Structure formats: structure tokens, C-alpha cells
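Enquirer: Those sequence lines, one after another, are chains R and P. All residue numbers for the first sequence refer to our numbering, where the first residue is 1 and numbers rise by one. All residue numbers for the second sequence refer to our numbering, where the first residue is 1 and numbers rise by one.
Hints are computed from structural coordinates only; laboratory data are not their basis. All of these numbers come straight from a predicted model, not from anything done at the bench. Cβ coordinates follow ideal geometry from the N, Cα and C atoms, glycine included. Among the hints, erroneous ones may be present.
[To be verified] With beta-carbon atoms standing in for the labels, derived distance ranges:
#: 1; chain 1: R; residue 1: 504; chain 2: P; residue 2: 57; range: 51 to 59 Å
#: 2; chain 1: R; residue 1: 337; chain 2: P; residue 2: 81; range: 43 to 51 Å
#: 3; chain 1: P; residue 1: 63; chain 2: R; residue 2: 36; range: 23 to 31 Å
#: 4; chain 1: P; residue 1: 63; chain 2: R; residue 2: 394; range: 32 to 40 Å
#: 5; chain 1: P; residue 1: 148; chain 2: R; residue 2: 29; range: 22 to 30 Å
#: 6; chain 1: P; residue 1: 143; chain 2: R; residue 2: 500; range: 42 to 50 Å
[Claimed, not checked] Once the Cα atoms are required to be at most 25 Å apart in a straight line, the calculated DSS-like pairs of lysine-lysine come out as:
#: 7; chain 1: P; residue 1: 56; chain 2: R; residue 2: 40
#: 8; chain 1: R; residue 1: 94; chain 2: P; residue 2: 38
#: 9; chain 1: R; residue 1: 41; chain 2: P; residue 2: 115
#: 10; chain 1: R; residue 1: 41; chain 2: P; residue 2: 73
#: 11; chain 1: R; residue 1: 317; chain 2: P; residue 2: 84
#: 12; chain 1: P; residue 1: 13; chain 2: R; residue 2: 22
#: 13; chain 1: R; residue 1: 40; chain 2: P; residue 2: 73
#: 14; chain 1: P; residue 1: 115; chain 2: P; residue 2: 73
#: 15; chain 1: R; residue 1: 17; chain 2: P; residue 2: 73
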Amino acid sequence: MLLKIKRANMHENEFEKQVREKMEELNFIPSDAVWESVDKKINNEKKRRRPIFWLFLFVGLMTAGAGYYFISGKKNSLLAINDRLQRQIKDDKKNAHNLYQSEKTGEYKKGILENNQYEMEMEKAKNAGIGSNLPQQIRKKESVVDDNKSDGMYGTETGQQKKSAVKAGNKIQSTIENKKADDNVNKLLLNGNQEGQDVLPHIVKGEGNISKKPDHKTGNVINKDLPVDAAIKTDSAIKKKQIPVQDNIPKNDSTDKQRPLTKNMQKIHSSWAIGYTAMAGISNMSERLFQPGSYANGAYYSSNVAIPSPLTHLPSKINMGFSWGAGIFMNKKLSKKFSWNAGLHYQYYSTHINIGNYVDSVRYIYQLSSNAGGAYQAARVAGYYNDSSYNNFTNKYHFVELPLSLSFILNKNLKKPLAWDAALSFSYLVRSNVLQFDPISGVYYKNDAMINKMQANISTGFMLGIYTRNNELQLGPQIQYGLTSILKKSAGNPQHLFFAGLKVLYIPHKK
Amino acid sequence: MDYNGLVNDCLKKDKAAQRELYTHFASQMLGICYRYTKSMADAEDVLQEGFIKVFKNLHQFKGSGELGAWVRKIMVNTAITYLKSQNRYQYDLSYADSSLHPVSDENPEIHIGTKELAELIRQLPTGYQTIFNMHAVEGYSHVEIGGILGINEGTSRSQYARARALLISWIEKNAVENKTGKYARK
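Only chain P is shown next, with the shape it has when bound in the complex:
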């Protein structure tokens, strides 16, 4: 796909081009927004705000980079801003180590589906969920996460380790339940 041509058309306020750009990235970006939020309605709100930012800042996009990565970055930033602004996420977003979860260095095979895994990630406390998404999926370093979320690098690292351990335990539990269910059905 010729992203540069598409971007240029969008900058000329070509509605068809804008719609095409939106359609091309919307479903993938909604997946990202979904991972960061707790409901589909919230995810759609983030998606909407994210795309508004994309179109309003499209002139800043450097043609040399990957458009998808640029849009993705905007979506992640929008999601984090959204979480910070929401009253109901405030409590969960505190990164204090008040409730410690055991750290695990296990590396299990993930035998569950994409949506099941996404649901497990979304069940993490918002602070864990955010840091896990940023580090494990988006590939941000703990220094970057600390800068974005306004926390120490160490806090980010420890929060991530606990989030990872919690998620692995849920994945294993899920796998066992699936297995039990499977044998029970047999």
C-alpha cells in the first residue's frame, strides 16, 4: 500500500482517503485499545480519540517511517492518557507495591487462544496491565515506561515481574482447566 500517497490525500482533506486510512488500521488499533482498557466501550473511546489525534497530527508524520508504527504509538499514548484521566482507573493505576505477587521466572508455552490471552491480560490490575502491555507487547524499556508513567524504572521492573508471574499462573490454571474439561468431556 502506498502510505505516502494516502497520507498526502488525507492532508488534502480527501474524505475517501481519510476513510481508507481509518479502515486500514482501525481493527488492529482497536485490539491495542482493548488490551489497555476494561471494556469495549472504553476501547472505542480511546480509538476515536486516537484517530482524531492521528488525523490532526498527520502533517508531522515523516514519510520515511512506518505509518502503522506511528499510528500505534499514538494509540498507546492515547490509551495511557485516557487511563490517567478516568476516575475509575485511578485506584488501580497506583503503582505502590501494596499487594505483592510472587515473582516467577517460568516460561510456559502459551496454549490458549488470542482472545483468551487478551482477556487474561485485561483482568490484571490496571497498573500491572499497563506495564505488561507496554513492555511485553509494545517493547518499551523500563526506563521509557518509567518516563511515560512517571514512576521509577525499578518500580516498573518489579511491577512487570509480578504482572508476568500473575499472568503465567492464570495461563497455567487456564490450561489445566481446559485440560480437565477436555478429559471430563471425553
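Just chain R, with the same shape it has in the complex:
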């Protein structure tokens, strides 16, 4: 019995030995593609930097730079004008004060000398081109100086002393009144600017002394040669220009401290503002909203059409990929609660599939064709990927989008407003490497003609606002769904791009 078993084992070993010897001789020369793939993977070949990325980055930076230049340039020119105006107003006040002092002490000559000096300075400023930018009433200061001169002349004659005394009395009175008016203007400017009120109506109504007793002799900014309305308008122009340079005006610190931050922030941009946006998250394919695409109904496989039998190959499963985007937008506040954005955005989406090696040779594949009434039709491709699962392939989509979004603030916390936003965007597929699957021959191939390049998307999310000094930062979760299918109707089942991630908005405001 033992002998029989031993003989059987010996026989078995003889057969296996023959098989082993023959199989040791089995050799094949692999194709060059194998080594290329191995070499690429083991040496971590650096990916070529795609020019399109740099193009978008360049365009984005140029746009941002132009926006910044535009805003800051405008701001600087306003600041320069206001600076000059403030200096002039200060000088006016100083002169008025000197005049008042000189009249009080009888030092007319000193006042005349000072005014002559002022006239010379104004002349110099005029020659330097500063005066051309000043409102008319400030330039009219020269006439005030002339009057002061004449006052000084009369003041030396005995017969005119009474007149002079009366005039001086009027002057002193009006100087005091106008000094008060000046103070009132400054106070109102501060308060009005802080609270968003127009200061001029108060002045016209008589709360200030300007419209009541306009006296050009005291250096007041109101010109009696102009109608009151015109003067107010001109004055309003000054005050409007004064708004961004409040630091140049002597401030009432207590008032400034009392100014609520939120109100200030709320007022920060009632007009158009440029902002920047960035998004990062995951993207995937979905058959319908919140229904991820599976391999059985993936973008590479159609289940709603008759597939020639036998079906020998199944496509890879689709896995989610990384997605990011960046853009620039214009922001407009419509009301306290509503605002809207419109801009230009670049968005990258990706999905992952597992495929085989690339074969660089011509072959026929079968694809759905609208010409053939939605049936499979043979087509020739120059290269294809085998149906295996050892290579991770990333389907990449590069889109340029035009988003329009509406934002609604949900809470009353103005320091940290929580907004809900909804957006509609139209996008164009600039570039893609997406592969299609042929379930008959079991290969993956590229055919951009099957893709809808124009897409419409809807997105929604919540944004939490954070204010930092004069800047506004908003961040929150976002989801986006492609209303249009990424595949053309004739190419297979509708498939929609889906994004979920974090969105950040940054709106730098004018200081």
C-alpha cells in the first residue's frame, strides 16, 4: 500500500517536474509601454505644469492688480484733493482767528501783514496749480483779504472811526458767529459722516450760522457772491470729499469711540466692490441630485440603451476627486439684507477611475451615435486604454464660469452675519481629458465630441461673515450641481457634475 502511494507521488512529481521545466522556458518580451509606465511611477516624474493654469493665474492676477490700481488710484486722488482742502480750511480758520485777535487788540497792521502773507501764499499755490482744484469759495478768500486791507486803511482816518468801529464790531460779531459756524460744521461733519446724515440741511435751516449771516470778511467758506443754493452745493461737494479723510479733521474722540463698529461696517460698501473668491472640496458624478453615479451607470456606460450581448466588460467605478476654483467678482449691496455678486470664475473638477495601460495603436471601438438612432456604431480611435484596474486615472475638467449669486443675511448679528446664498452659473469647458468606455470591446478612449461643453449649474450654501478692519471675509460650505448633463444626450445616460466644499469670499474695502 505504502509502495503504491509512494509510486503515485513519484508519478505526480514527474508530471509537475515536466510542467515546471517547460514553464521555466516561457518568456515573452513586454511592450515598451510597460517600462515607461513603471519608470514614470517609480521616479515620480514631475507633471508638466499646464499652461492653462498659468494663463488663468496670470489673468486673475492682472485683473486683481488692475482692480486694486483703479481703487487705490481713485482713493489717492481724492485724498490729495481733500488734503489740500483741509489745509485751506485750517488756514482760513487760523486767519479768521488772527483777524479776530488783531481787531480785538487793535493790531490791524499785524493782521494786514498776515493777510498779505496769506495772499502771497495763495498766489504761490495758484501758480503751483493747487488753486485750480479748489472750490470757488475758497479762492474767494482773496476778496476777504482785500476788504481787510481797506478796513485797515479806513481805520487810520478819524472821520471813519465810528464807521470803522461799527464795522469792527460787526466783524468781531460775525467772526465769532462764523467761528461757531465752523465748529458746528466740523461737528456735524463728524457726526453726520459717522451716522450717514447730510449735514447741510441743518446749516440751511439755521442750526449753523452760515446761511443766516454769510460774511465773507471773516474768512468763512461761504461766498456771498454765490446764491445760497449754489454755496450749499459747493459746500456739499467739499464735505463729500471730506468723508474719506476724517483723520485730517480734528475729531471728537468720545464721539468716535461711541461709533458702533457694525454700523460702520454695514455702511462700508453700499456701492460696487471688487471681491475675490476661492473654493476647494470634492467633485463627483451624479445621475441625479444626491444620487452618485456608480460604475453600472457611470459616465462611461449607458444602461438605457440596448447593449449588444454578450456584455463582456464592465466599466470602472467612478470615485470622487479633488476640486478647486478661484475667481473675481463684483459685489453690490441691494439693501441691509440682500446683496448680489457677479463675476468670472475658474473651476477645476476631477473624478477617478481605474483603467489599464495605454495602447498607442489604431483600433475600432463602439460608441453610441445619434446618427445611428442611439445605437452603437463602430468608430476608429488612435489610442486607447485597456480594461484593467491597476492605473488610477484622473478625469479632469477645466471650466470657466460666470456666476450670478444672491445673498440674504439670516441673522441680526451685524458683526458676524450669517448669509444664505444661491447662485446660478454658466460655464464653458475649456479643457478636459475625460475618457469614455466601450462596453463591447472593453476599452477606454477619449472623445470630446460626446461632452456638453456648455454647462449651467446651481449652487447654494451658507456664508459666515467676518469683518477685519475695513475688509470683509466670508466663508462657509457650498454645494453645486450641474443642471445640464456632462454627456450629450446621444452619448449615454445623463451625468451631472457635483461639487461640495468650502467657499471663501474676500472683499477689500476702501479705507
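Knowing the structure of chain R, use the given hints to seat chain P on it.
Expert: What follows is chain P alone, placed relative to chain R:
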């Protein structure tokens, strides 16, 4: 060949050394991959993945052993993993004794060529093919096969016996056809 020097150069990311190591083993390893798969494309996929693993794990190679055996082991493991991951191999990989083939203890002389024999092995159902390759060619014991494939030792043993019997019948049939053809040609 100085394998230790070659391995050291490969570890230094010397591309020429990597290419040399690949060229030295690629054709032989492709033969192994071919035996485990059903198409040359699949075999090349396995070869590629196998070599990626070889280079990524080369630091684990002990200089005392045979480099060829180490590379071979990686290829076999890669092939098995590949078969498990492929949808189209799933059905064939079930090791249930649903279709029984008669067991034979015959030990015929193999009068067919290497490639013909390889083609016959590849025509076996994937489960039979895998176990036959592992036991008859690679020399794994049934205990080891059971551990690797996640099946009982007994299942491996019976599957192997049936695979062997099926293959022998095909070899004999092939030999008869060759003989008939030969006489017919005469």
C-alpha cells in the same frame, strides 16, 4: 551578475540600473504573469504593477536571497491580487465544487511545446488555473495556497487534482490530434 550592486544602484535611483534590472527579469516574469491571466494585456498590467512593487520595496530585499525568486514571488502575489480585483475573473475564481471533473492519477509524458502547454493551462477555469500554477509550477503547498487564497487546504487539494486531471486529458487529446494530423499530412 552582481545583483547586490545592481540593487544598491537601483536604491540610489540610478535609472540605468533600474532599466537593467527590469530588462533582466521582464521577459521571464511576463511568462509567469501570462500563465495566471487570460490575455497578454492583462499580463502586461500585472507585470507593470509587479515591477512597481519590486522597485518600491527593493529596500526590503535581503541580499542573502536570490533576487529572481524574490521578484517572482512578488509577481505571483500581484497576479493573485489582480485576479481578485477583476470583475470578470470573479465568477471563475469561486472555488466551490459545483462542476466536478474526474480525478486522474495518470502521469503522461508531455509531448507538446512550452507555449502550447501554457495555452492549455490558461484555458483552465481561473480557480483551477491559479491553484495549478501555484502548486505545480511555483511549488506552494496546499496549506500555503489555502492561506493565500482564503480557502481550505482540502479545497485547494481537490481543486488541484481536478485541474491536473483536466489538463492531462487536454494534453492527451492534443497529442492525439497532433499525431492524427501528422499521419494525415503524410
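Enquirer: Indicate, hint by hint, whether the structure satisfies it.
Expert: Hint-by-hint comparison with the structure:
no., hint, result
1, R:504 to P:57: 51 to 59 Å, "violated (42 Å)"
2, R:337 to P:81: 43 to 51 Å, "violated (58 Å)"
3, P:63 to R:36: 23 to 31 Å, "holds (29 Å)"
4, P:63 to R:394: 32 to 40 Å, "holds (38 Å)"
5, P:148 to R:29: 22 to 30 Å, "holds (29 Å)"
6, P:143 to R:500: 42 to 50 Å, "holds (49 Å)"
7, P:56 to R:40, "holds (12 Å)"
8, R:94 to P:38, "violated (100 Å)"
9, R:41 to P:115, "violated (31 Å)"
10, R:41 to P:73, "holds (21 Å)"
11, R:317 to P:84, "holds (16 Å)"
12, P:13 to R:22, "violated (35 Å)"
13, R:40 to P:73, "holds (23 Å)"
14, P:115 to P:73, "holds (22 Å)"
15, R:17 to P:73, "holds (19 Å)"
The structure fails hints 1, 2, 8, 9 and 12 (numbered hints given earlier, in ascending order).
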